[in-house]
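Number of protein chains: 4
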Amino acid sequence: MSDPEKVSFRLVASCPDQAGIVAKVSVFIASRNASIVEAGQYEDPRTRTFFMRYVVSALDHDFSLAAFSSEFEPVAKSLQMQWRIANASEKQRAVILVSKFDHCLAYLLHRWRVGDLPFELPCVISNHDSLRNLVEWYDVPFHHIPIDKANKQAGFQATADKIEEAGPDVIVLARYMQIFPPWLCSKYRHRVINIHHSFLPSFVGARPYHQAEKRGVKLIGATCHYVTEELDAGPIIEQDIVRIKHNDTIADMMRQGKDVENRVLSIGLRYHLEDRILVQGNKTIVFD
Amino acid sequence: MSDPEKVSFRLVASCPDQAGIVAKVSVFIASRNASIVEAGQYEDPRTRTFFMRYVVSALDHDFSLAAFSSEFEPVAKSLQMQWRIANASEKQRAVILVSKFDHCLAYLLHRWRVGDLPFELPCVISNHDSLRNLVEWYDVPFHHIPIDKANKQAGFQATADKIEEAGPDVIVLARYMQIFPPWLCSKYRHRVINIHHSFLPSFVGARPYHQAEKRGVKLIGATCHYVTEELDAGPIIEQDIVRIKHNDTIADMMRQGKDVENRVLSIGLRYHLEDRILVQGNKTIVFD
Amino acid sequence: MSDPEKVSFRLVASCPDQAGIVAKVSVFIASRNASIVEAGQYEDPRTRTFFMRYVVSALDHDFSLAAFSSEFEPVAKSLQMQWRIANASEKQRAVILVSKFDHCLAYLLHRWRVGDLPFELPCVISNHDSLRNLVEWYDVPFHHIPIDKANKQAGFQATADKIEEAGPDVIVLARYMQIFPPWLCSKYRHRVINIHHSFLPSFVGARPYHQAEKRGVKLIGATCHYVTEELDAGPIIEQDIVRIKHNDTIADMMRQGKDVENRVLSIGLRYHLEDRILVQGNKTIVFD
Amino acid sequence: MSDPEKVSFRLVASCPDQAGIVAKVSVFIASRNASIVEAGQYEDPRTRTFFMRYVVSALDHDFSLAAFSSEFEPVAKSLQMQWRIANASEKQRAVILVSKFDHCLAYLLHRWRVGDLPFELPCVISNHDSLRNLVEWYDVPFHHIPIDKANKQAGFQATADKIEEAGPDVIVLARYMQIFPPWLCSKYRHRVINIHHSFLPSFVGARPYHQAEKRGVKLIGATCHYVTEELDAGPIIEQDIVRIKHNDTIADMMRQGKDVENRVLSIGLRYHLEDRILVQGNKTIVFD
Chain A
1 MSDPEKVSFR LVASCPDQAG IVAKVSVFIA SRNASIVEAG QYEDPRTRTF
51 FMRYVVSALD HDFSLAAFSS EFEPVAKSLQ MQWRIANASE KQRAVILVSK
101 FDHCLAYLLH RWRVGDLPFE LPCVISNHDS LRNLVEWYDV PFHHIPIDKA
151 NKQAGFQATA DKIEEAGPDV IVLARYMQIF PPWLCSKYRH RVINIHHSFL
201 PSFVGARPYH QAEKRGVKLI GATCHYVTEE LDAGPIIEQD IVRIKHNDTI
251 ADMMRQGKDV ENRVLSIGLR YHLEDRILVQ GNKTIVFD
Chain B
1 MSDPEKVSFR LVASCPDQAG IVAKVSVFIA SRNASIVEAG QYEDPRTRTF
51 FMRYVVSALD HDFSLAAFSS EFEPVAKSLQ MQWRIANASE KQRAVILVSK
101 FDHCLAYLLH RWRVGDLPFE LPCVISNHDS LRNLVEWYDV PFHHIPIDKA
151 NKQAGFQATA DKIEEAGPDV IVLARYMQIF PPWLCSKYRH RVINIHHSFL
201 PSFVGARPYH QAEKRGVKLI GATCHYVTEE LDAGPIIEQD IVRIKHNDTI
251 ADMMRQGKDV ENRVLSIGLR YHLEDRILVQ GNKTIVFD
Chain C
1 MSDPEKVSFR LVASCPDQAG IVAKVSVFIA SRNASIVEAG QYEDPRTRTF
51 FMRYVVSALD HDFSLAAFSS EFEPVAKSLQ MQWRIANASE KQRAVILVSK
101 FDHCLAYLLH RWRVGDLPFE LPCVISNHDS LRNLVEWYDV PFHHIPIDKA
151 NKQAGFQATA DKIEEAGPDV IVLARYMQIF PPWLCSKYRH RVINIHHSFL
201 PSFVGARPYH QAEKRGVKLI GATCHYVTEE LDAGPIIEQD IVRIKHNDTI
251 ADMMRQGKDV ENRVLSIGLR YHLEDRILVQ GNKTIVFD
Chain D
1 MSDPEKVSFR LVASCPDQAG IVAKVSVFIA SRNASIVEAG QYEDPRTRTF
51 FMRYVVSALD HDFSLAAFSS EFEPVAKSLQ MQWRIANASE KQRAVILVSK
101 FDHCLAYLLH RWRVGDLPFE LPCVISNHDS LRNLVEWYDV PFHHIPIDKA
151 NKQAGFQATA DKIEEAGPDV IVLARYMQIF PPWLCSKYRH RVINIHHSFL
201 PSFVGARPYH QAEKRGVKLI GATCHYVTEE LDAGPIIEQD IVRIKHNDTI
251 ADMMRQGKDV ENRVLSIGLR YHLEDRILVQ GNKTIVFD
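Chains as they are written, first to last, in our numbering: chain A, 1 to 288; chain B, 1 to 288; chain C, 1 to 288; chain D, 1 to 288.
With the rest of the complex left out, here is chain A:
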């Protein structure tokens, strides 16, 4: 669609609603000889906040994204805008954390390698050593950092250090069974993506399939959400379900749940990687 030699970038922004926002922004873009190739916008009627996501293609070969950004600054300021710009050709760096269940990890590694999910993968971190071989087969560094029940703080500090070293844009909890401490949630706000194996807000916390079996639901699900200080209560990015029957055991649910967990996590992660998500309060706006 866009010429691969020319710069393509995403402008994601929110600001108090007022007339002429689109005009101001689009005129600025046109004045820099760039073209809006994809547009999403939403006006929240309650807070009267305006949200937008543009994919923009430069038309000149000598377009400078740095210059564009610094010149856009006063425009944004005049609109009281919170904004970010992402070069579409630069992949985000994602660190994956995992415990023992390997289906999400195996899925992400495969889709990453064939290029279906565009991210850089500096390393995988686990509180167990059991998935080292899988990760290393993909030539990805694997770090085993145990979380000791007696000294969780130290374990998380070591984990945080290793994460920081990797310099990620996003952290993916691909069935990482440790609860992230508040200070880590806070440090990487809206950058930690978790997959929870229930259709939240049903079955918060541990062993959701066991809870589902106990309640006798006819659907099980999965939820991809940003991690916040309150367990399984962060902004929901994506959800889906799968139908079960009375003769499905918990083992059957766990098996069938794998596909829906993978699908939901990969869709949610893709949204994040393509800068399609804006967070407002405890909810997400997704320009899909």
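Among the clues, some could well be false.
Since the list can't tell identical chains apart, any single copy or any two copies may satisfy a pair.
Stated by the list, open to error - List time: in silico EDC-like cross-link candidates among lysine to aspartate or glutamate, alpha-carbon distance up to 16 Å: (1) K245 <-> E38; (2) K245 <-> D44; (3) K214 <-> D44.
Quick caveat, the hints were computed from the structure, so don't treat them as lab data.
On the provided structure of chain A, position chains B, C and D as indicated by the hints.
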């Protein structure tokens, strides 16, 4: 499939698990010159309970279902069996209760009239008078029995009297917005079907679409369940969902929810009318 | 969301792709003191065509949509734009055509009356007289215009006359079992919406459920599409499916198909009524 | 559920319908001191054929499945029954054939290794060498057998020889892009499972995603079916779909199609491995 002149019936039963149940029952059926045309069975591994549903067709024109039942009694007793037999040609009697939302009622009336949902409809009862015209167009008696906040007991007594007069096999709460009192739940145990407009156990109680909007879920749903003393906590019969987006308002959810409510309620009701549901504890076994 | 006293309208357009389209259009809108509250756009990479749909709210009480339109004309011309503007407060006029199956009609009438589907309904036309009572209960004029096998031309001419008299913006074939003649398709191009009871292109033509049963598919579906000269081959607007099993008879499929037909038709019709559909060649662009 | 030390087996059978089939079979099973723990049956109304699948658990430790089978022979004969018995503890042998697309293969290998899909995997065969590393990482023999355009017969003969050597119960075409010759289809009738990347009968043959893009459908799908002499026309086992939008490119469809292909293939294969499928004419009966 089965000869319309010959008796067809459903045998639904549960008993402690042991060897030879199917043999005993099927030999008895064959000995009465009848044929099993549909079979469902399930063995609960925890309680070691056996559940079964047979659709049986008599092969003789002079087959007597009464005689069959009384002769089956000792067989069932020897297996410590709880059982019931339903003549497939006899429709169940259903009383529909409704408040102001008319989509479930309109759906049920239409599907009832064209024969898609096989039941007798002695009357519709509402705590409001607004849906009288719709019901009476179908030549169905409509009873307006208000539930006065100051004297709920009297209202429910009048409702219960009218229900009893109608002699229903099943009571359908088609968006009836009053909470059934425990004594009514108890009187018609596993015979009162409700449609709740959320994927339970999420969003129990009042205004689930408002709760869903607040939590920012990406799916809304509906649950058909038997009514018990505990609000929205009875055995779940059927559930389904519909996908929503960040720009869907509560009004949009309510509109889109109508289709899934109708679908889920009609599927759940059909299961009940065709004797496909067995209740075990707080869960349902559905032979679909 | 938008102030009910102020004009809100939809601008739907397509034009050859070039830089600055959004800028030109949005600047013009801002210059007339109006605000873009909803935006969809798409750039087709093959034909390099740009498609857009804006929902615009005027900010002044004395905004004139007529003046806006005539002043927009030269802007549009300079972009070689095909465009239309629709006042959001003016409902489209829809004529419904139906034969004997009543589920789509009953659904549309109910959703129309409660305001879920916003259209004017001047009349319902049928080649049978059997659904007169249902239509007249809603106080909607019903016209019985038989299509005689021996003289189809005369029947369609009479039908076309009655349609023309009603002056519809859209014609809904709600299980109308006669094939529209090419001259009628051509007269109302991209304004005749049909519901076909299969997931096209599977099972074109007559009796799709019978075809589905014969092929042994595990899903049946429905397709909402614009009617063109080639049978069941027009631009697809919406599709969905429902799962079936080996023991579902054709009658079971027809019953279960009703819900999916209704859902798909109403979603497709809503898209049309809200000016969300642009047709390109034989495909639709849907800004949902 | 069943005692792991005791024999558990599946009895799958079909015969002309008559009274007393269930009685005869279940009495025989009870007489051998075994218990029916799962039952599915279906009576085809057109051909008056009876289909059944029982899961049976022996109650004695010295139960002999060989003795049971030989003693059941005359019972089956008296019912003109076609039947087979499978020991539930013996996994089927599956040979996987693949070309260049690796998603189905990667999925099957992962689920096989963790035990989600119970089969023996003697080898993987490919007409390309590119997936050797992936297969060998799982310690599974990989055979590269090119299919030369100029001499397809020789290539298929070599493939058939290698398959025969492996002695499979089932052959899985996991995106194997060569058309199986009739003699191979015939040799392994109802034992070759293919995944086709469309919701058949739509888009038979090559490049179904390209066909889907051309037709402008709103859903893409996948179909798991038995391979027969007629291309993509064999008995359908399982199907599912995923929703797409006007701005999804063929590459997007291919990416999103992977999940639905994997899910549909693994469900269809599981049905086969658990002896849940009976084929009647060109349709499948699936006891799920």
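(Q) Reference check for the pair K245 and E38, CA-CA at most 16 Å: within, between, both, or neither? (A) Only across copies: K245 and E38 sit 14 Å apart there, 42 Å inside one copy, limit 16 Å.
Q.
With identical chains, the pair K245 and D44 could be close in the same copy or across copies; at 16 Å between alpha carbons, which is it: within, between, both, or neither?
A. Between copies, since 13 Å is at most 16 Å while 40 Å is not.
Q: If the cutoff is 16 Å on CA atoms, where do K214 and D44 land: within, between, both or neither? Let me know, please.
A: Only across copies: K214 and D44 sit 13 Å apart there, 39 Å inside one copy, limit 16 Å.
Of the numbered hints listed earlier, not one is contradicted by the structure.
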